[in-house]
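Asker: Chains R and L supply the protein sequences, listed in that same order.
Each number in our numbering comes from the position in the first sequence (counting from 1) with 18 added on.
Each number in our numbering comes from the position in the second sequence (counting from 1) with 35 added on.
Among the hints, erroneous ones may be present.
Which bits of chain R does chain L cover? Going by a derived footprint, with three or more residues having C-beta under 8 Å, they are [as the list claims (entries may be wrong)]: (1) 127-137; (2) 149-155; (3) 173-185.
Taking lysine to any residue and the SDA-like style, the derived pairs with C-alpha atoms no more than 25 Å apart in a straight line are [said to hold, decoys possible]: (4) L/K811 - R/H208; (5) R/K203 - L/R45; (6) L/K811 - R/P210; (7) L/K418 - R/M89; (8) L/K464 - R/K203.
Source of the hints: derived by calculation from the structure; they are not laboratory data.
Positions of the beta carbon are idealized from the N, C-alpha and C atoms, including for glycine.
This is what each chain is made of:
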Amino acid sequence: MTSDGISNNGLAGSRFAMEYRLNHLDVVGSTSQSTFGIPVQTGFIDKNMSTENPPRTTVFRAVDIAKIYQMGEVNVHALRGVSLELYEHEFVVLLGASGSGKSTLLNILGGLDVPTTGTVHYLDRELTASDESALTRYRRENVGFVFQFYNLIPSLTARENVELITEIARDPMDPMAALDLVKLKDRANHFPAQLSGGEQQRVAIARAIAKKPKVLLCDEPTGALDVETGIVVLEAIARINHELGTTTAVITHNAAIARMADRVISLSNGQISGVHENASKISANELEW
Amino acid sequence: MRNLDRKLVRDLTRMKGQMIAIVMVIAAGVGTFVMSMCAYASLSDGKQSFYRDFRFADVFASARRCPDSLIPRIREIPGVATVETRLVYNVLLNVPGMTEPATARLISVPDSGETELNNVYISRGRMLEPGNLGEVVVSEMFAEAHGFNPGDSVSVIINGRLRELKMVGNVLTPEYVIQIQGGSMLPDKKRFGIFWINERELEAAFDMSGAFNSVSLKLGHGANVQEVIEQLDQLLEPYGSIGAFDRSQQLSHQYVTDELFQLKTMATIAPIIFLSVAAFLLNIVVSRIISQQREQIAALKAFGYTNYEVGFHYLNLVLVISVTGTIVGTLFGFWMAVNLTEMYQEFYKFPQLAFQVNTAAVLWALLLTTFAAVVGTWLAVRKAIHLPPAEAMRPEPPPSYRPTIVERYLPAGMLPAELRMIIRNIERKPIKSFVSILGIAVAVSVLILGSFSLDSLNYLINFQFRKAQRQDLTVTFVEPATSSVMYEMSGLPGVLESETMRAVAARIRFQHRSRRVGIMGLESEPQLFRLLTEDEQPIRVPQHGIMLNSKLAELLGTRLGDRVTVEILEDKQPVAQVEVTSIVNEFGGINAYMDKLQLHKLLKESQVASGAFLRVDPNYIEDVFQNLESRPGVGSVSIKNATIQSFKETIAENMLTMRSFNILFAAVIAIGVVYNSARISLSEQSRDLATMRVIGFTRTEVSTILLGEITLFTILAIPLGWLIGYGLAALMILGLDTENYRIPLVVSRSTFAFASVVVVLATFFSALVVQRRISKLDLVSVLKTRE
Numbered sequence: 019m020t021s022d023g024i025s026n027n028g029l030a031g032s033r034f035a036m037e038y039r040l041n042h043l044d045v046v047g048s049t050s051q052s053t054f055g056i057p058v059q060t061g062f063i064d065k066n067m068s069t070e071n072p073p074r075t076t077v078f079r080a081v082d083i084a085k086i087y088q089m090g091e092v093n094v095h096a097l098r099g100v101s102l103e104l105y106e107h108e109f110v111v112l113l114g115a116s117g118s119g120k121s122t123l124l125n126i127l128g129g130l131d132v133p134t135t136g137t138v139h140y141l142d143r144e145l146t147a148s149d150e151s152a153l154t155r156y157r158r159e160n161v162g163f164v165f166q167f168y169n170l171i172p173s174l175t176a177r178e179n180v181e182l183i184t185e186i187a188r189d190p191m192d193p194m195a196a197l198d199l200v201k202l203k204d205r206a207n208h209f210p211a212q213l214s215g216g217e218q219q220r221v222a223i224a225r226a227i228a229k230k231p232k233v234l235l236c237d238e239p240t241g242a243l244d245v246e247t248g249i250v251v252l253e254a255i256a257r258i259n260h261e262l263g264t265t266t267a268v269i270t271h272n273a274a275i276a277r278m279a280d281r282v283i284s285l286s287n288g289q290i291s292g293v294h295e296n297a298s299k300i301s302a303n304e305l306e307w
Numbered sequence: 036m037r038n039l040d041r042k043l044v045r046d047l048t049r050m051k052g053q054m055i056a057i058v059m060v061i062a063a064g065v066g067t068f069v070m071s072m073c074a075y076a077s078l079s080d081g082k083q084s085f086y087r088d089f090r091f092a093d094v095f096a097s098a099r100r101c102p103d104s105l106i107p108r109i110r111e112i113p114g115v116a117t118v119e120t121r122l123v124y125n126v127l128l129n130v131p132g133m134t135e136p137a138t139a140r141l142i143s144v145p146d147s148g149e150t151e152l153n154n155v156y157i158s159r160g161r162m163l164e165p166g167n168l169g170e171v172v173v174s175e176m177f178a179e180a181h182g183f184n185p186g187d188s189v190s191v192i193i194n195g196r197l198r199e200l201k202m203v204g205n206v207l208t209p210e211y212v213i214q215i216q217g218g219s220m221l222p223d224k225k226r227f228g229i230f231w232i233n234e235r236e237l238e239a240a241f242d243m244s245g246a247f248n249s250v251s252l253k254l255g256h257g258a259n260v261q262e263v264i265e266q267l268d269q270l271l272e273p274y275g276s277i278g279a280f281d282r283s284q285q286l287s288h289q290y291v292t293d294e295l296f297q298l299k300t301m302a303t304i305a306p307i308i309f310l311s312v313a314a315f316l317l318n319i320v321v322s323r324i325i326s327q328q329r330e331q332i333a334a335l336k337a338f339g340y341t342n343y344e345v346g347f348h349y350l351n352l353v354l355v356i357s358v359t360g361t362i363v364g365t366l367f368g369f370w371m372a373v374n375l376t377e378m379y380q381e382f383y384k385f386p387q388l389a390f391q392v393n394t395a396a397v398l399w400a401l402l403l404t405t406f407a408a409v410v411g412t413w414l415a416v417r418k419a420i421h422l423p424p425a426e427a428m429r430p431e432p433p434p435s436y437r438p439t440i441v442e443r444y445l446p447a448g449m450l451p452a453e454l455r456m457i458i459r460n461i462e463r464k465p466i467k468s469f470v471s472i473l474g475i476a477v478a479v480s481v482l483i484l485g486s487f488s489l490d491s492l493n494y495l496i497n498f499q500f501r502k503a504q505r506q507d508l509t510v511t512f513v514e515p516a517t518s519s520v521m522y523e524m525s526g527l528p529g530v531l532e533s534e535t536m537r538a539v540a541a542r543i544r545f546q547h548r549s550r551r552v553g554i555m556g557l558e559s560e561p562q563l564f565r566l567l568t569e570d571e572q573p574i575r576v577p578q579h580g581i582m583l584n585s586k587l588a589e590l591l592g593t594r595l596g597d598r599v600t601v602e603i604l605e606d607k608q609p610v611a612q613v614e615v616t617s618i619v620n621e622f623g624g625i626n627a628y629m630d631k632l633q634l635h636k637l638l639k640e641s642q643v644a645s646g647a648f649l650r651v652d653p654n655y656i657e658d659v660f661q662n663l664e665s666r667p668g669v670g671s672v673s674i675k676n677a678t679i680q681s682f683k684e685t686i687a688e689n690m691l692t693m694r695s696f697n698i699l700f701a702a703v704i705a706i707g708v709v710y711n712s713a714r715i716s717l718s719e720q721s722r723d724l725a726t727m728r729v730i731g732f733t734r735t736e737v738s739t740i741l742l743g744e745i746t747l748f749t750i751l752a753i754p755l756g757w758l759i760g761y762g763l764a765a766l767m768i769l770g771l772d773t774e775n776y777r778i779p780l781v782v783s784r785s786t787f788a789f790a791s792v793v794v795v796l797a798t799f800f801s802a803l804v805v806q807r808r809i810s811k812l813d814l815v816s817v818l819k820t821r822e
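Next up, chain R with everything else stripped away, as it sits in the complex (with noise of 0.2 Å):
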């Protein structure tokens, strides 16, 4: 068993426990789930344990979030259940095989879509009881979004792109300030369709994180790109979440990119099936698929 964010508050296990945790913080001790079919480690809640690192900000808080869709005459349960935090300031990895459930997770999170059941928080505010302009607003306010075929739009020039969002910000940094961090600027006038795949997904980190976002979404982001342009963009994610410390969430069924991650939270099926926290990332250009 990997140690994960919950055991440096004393609570070795899995995300089971994690979600235990959550749910019964002044109990010591858990029952067994079987209903996730997966063995169950009990653990125990000691807060004064957590006196050893100082107490980190928790940004999301997710509690049991399921989500079913209709396709159709089927019902697909992209997520069966998962519980899961994540911190101010940290580099996660979400990775899974397609199909694993985290594109939707990570929709969850933005307050693109909302869980069947289950909670979610963003700090002290509970997405999973906003309304559609609430939601609307928390995006607006708070998140970027990086997407893996980059939407941008195909008629507004690079700069354009990042001044959509700057328009509607409240404290935006300059567009031009936002291409310089992705190394775009001498770029600035050129539609997508005159960018490369790797410049195109630059261009959308940059009108991510131009409104300054306090979390920074990233779904499959490289998987579009080739290697040498992957590692490209992983870096600047990287340096946004080193330089401006967004909380940043990166999706990807490429494992190679875990190893960049603070913490790596790996998905199959629906549900968490193990959580890695990395004593030693690697930066980007060190990565090798």
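Fit chain L to the supplied structure of chain R, relying on the hints for placement.
Answerer: The following block gives chain L in isolation, referenced to the frame of chain R:
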């Protein structure tokens, strides 16, 4: 500029072909609307100010001879404000350079030169001067048709004596805004002139000193028109009045009112047709854009753009197109209105008929267009508003296809793959396909609607003036002429055939309904002036009973076999109960016919004639004219071919102008629908088509799939368009059905063919443009992009 707006502008630029097509459709609708409304305002204002400033009368009556002593009694009728009496005579007119005789209507003017009602407006020259005999002022339309200048002369035949009249001025009057002779369906500016002349001259010529034969009344506020008419009728009846009538029966007023009504109809129908088509086009285009931009919408929403910001973004796209269409259409409408107003000057004579900017109409156009555009695209925009961002992130699921009905009934392999793809595409989107077909059908129908009137009028002319009426000349007598006149007529050199008729004014009553009409007594088997049934069979004039034309029968609510009351309004005013024995098919006026001998019996008179129909050897026609002009009893001569000719020169020419506009509009609709449908199919299927090209299908085969759909739509649309066009034509004719004229519903095969060919050409043109895009299809990039 906000970047979202920048996106809007660039998106629009990218789809400029489609945008232009939609703008054109909107512009056609708005243009017609604005034109109609502006022309309506011009005509309506021109009419109102002319009527008011030149004191157009409210009630009119004519009689044979009324003593002036009647005037105070007329004035005493409650509600009457002003009474104007005068002498009005139709006489033969000799126009220099014209062999055939024309008709002059002479209207008396008091010696002072000032009338109290139906005043004249001097457009050129001067008014009659008191005491200056031998002077006339003439209706401007007649003077212009002949190129007369003040100072020129014409001669009229008054009581058989040639009289030279010097035209000192051209005038207009609210009474003859349109210059049309009673009994004629068509205006004739060359052969019917109106002349105002010093009353002393008419009194002398017609021995009418101290008497009048025409009276006009201006009523005070709140006067009861019907009561005034009844009382006036009572006063005038002993003096040979054939009944008073109000403006609604006044010919010129009727024509102007009909025109105004038609403009209103046009202003209603055009926006309905064009804006519906535009709404449909906007719907398919915006739906397509929104489904193409799913992921852009997702990104916008993911970054915190609200649903309504996204919704407004697409609504703005719609509004930019609709407002552009409105602006283009308004300018186009103004331009057409200026031209139409000019065209009106040829028919309707107003002192001022200025083009007017109808601001309210422009605002209405904007409102209507916006409404149509928003309604048309609302569902699509709503989809953008409600699109959940997480769902939009995923590509749209592949559309579900299934074997079509057609395929189920045909053995597999009978349909080539291309045709199967076409049919499946159509069946998958039945509503869109149906509406596309409907759109093309509307184009066909607009063409039919714009062209059929020529067919109808050709039929009408052929029926009325060739099959029914076979005479060349119609002669009317000032006073009923004895039978010897008929022998004289038939004996004139060059006259091949002749028939006499007796015409009297009468009131026909059936139950509570009644109508004032002319009854014509005909020979039992007329050869020249024939009455026909609907299937063009000649009707034998029965010895007893009365024959009504279909409009009169409809107005009275009578059927064959009903007994109607006939009150003759002339001479001894006999009354008789008569059976309706035939219904006659006619397109002009409301008329009744009887056997001539029966009419003589009813009137207790010998065999006299009010007029004659003549068939003339064309080589002798000028001799016949000369002969007729020299006869004292001849009141008017009307020449059938000249009437037809004059009609064709004026009305038909304008109809051709209207027709070319309709062709333009229909082409705009057809191109708009076909081009947009094809572009959208191309965009929806470009991946499939590119894939087919990659796996070895030729460019032609691939085009077949896309253009095959459009071709199939067009083939299905044409017969549907014929039906819709025929239906719309029937509706339009219903709106034109008046007492003065009816237009038969005739759509010739050539019109159907013409409409089809224009639409096929428009389809072909659009297909060509889309075909070029298919050729340019970049296979690699189409396949690489994620749809």
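Asker: Work down the list of hints and note, for each, if the structure agrees.
Answerer: Do the hints match the structure? See the list:
1. 127-137: It holds, with 3 qualifying residues against the three required.
2. 149-155: holds (count 4)
3. 173-185: holds (count 8)
4. L/K811 - R/H208: holds, 24 Å
5. R/K203 - L/R45: OK: R/K203 and L/R45 at ~23 Å, within 25 Å.
6. L/K811 - R/P210: Distance of about 21 Å is within 25 Å: holds.
7. L/K418 - R/M89: Roughly 19 Å between the alpha carbons, so the hint for L/K418 and R/M89 holds.
8. L/K464 - R/K203: violated, 46 Å
Checked against the numbered hints above, the structure breaks only hint 8 and satisfies the rest.
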